[in-house]
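Q: Using the sequences and the hints given, assemble the complete structure.
Protein chains in written order, with this note's numbering: chain Y, 11 to 117; chain E, 11 to 117.
Just to be clear, a hint being listed does not mean it is correct.
Any copy, or any two copies together, can satisfy a pair, since identical chains are not distinguished.
[Said to hold, decoys possible] In the BS3-like style, the derived pairs of lysine-lysine whose C-alpha atoms are separated by at most 30 Å in a straight line are: (1) K14 to K101; (2) K44 to K14; (3) K101 to K44; (4) K48 to K101.
Just so you know, these hints were derived from the structure itself, not from any lab.
Number of protein chains: 2
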Amino acid sequence: MYYKHHIFFCLNQRDNGETCCAQFQAQQAFDRCKAQVKAQGLSGAGQVRVNKAGCLDRCAAGPVAVVYPEGVWYSYVDLQDIDEIVESHLKNGEVVERLLTPPHLGR
Amino acid sequence: MYYKHHIFFCLNQRDNGETCCAQFQAQQAFDRCKAQVKAQGLSGAGQVRVNKAGCLDRCAAGPVAVVYPEGVWYSYVDLQDIDEIVESHLKNGEVVERLLTPPHLGR
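A: Written out as structure tokens, the structure is:
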């Protein structure tokens, strides 16, 4: 596995007025995650990659991010949630149960 | 696993003149993959998602795409390669060995 944890943030922006992750500070969340991962020395091959992504098609649960290869989906609310995902999951490998995306929520 | 196969294409564009995937028809490859997956009825929850992504940080091997949860990386050349990835990997679960990204190639 090239990256131990590869997290993708939906940063999709829509022009048609439909709700999307970008309206819920997804960019700020991505920036925070990237900065925290870097600050903790976790970034790079064999470690963690924080990635921009287009629509992940689970808009009803947004804003969302997904961590692979484990396939864990998060619905976060604020930047403290991001810090917790970094510390618990990306650093220590422990899923943050309270932020898990409800399985039935899709587009 | 929300998606059986979740493929991310690096569509990164750089302003500073550095080489990046977008210079090698990454957008066309993404479009082709998305269209083929849809045409074959493979798209959606429980099946396949074709996703845009920012820089995947393996520029030296670009243009690249990564398939999760299996963590298989591809360096493709043309649209026929994309068709083969769709048919072989995304449809039938068989990795396209000849297109695998060399493990040592990173940024």
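Q: Please name the hints from earlier in the document that this structure breaks, with their numbers sorted from lowest to highest.
A: none
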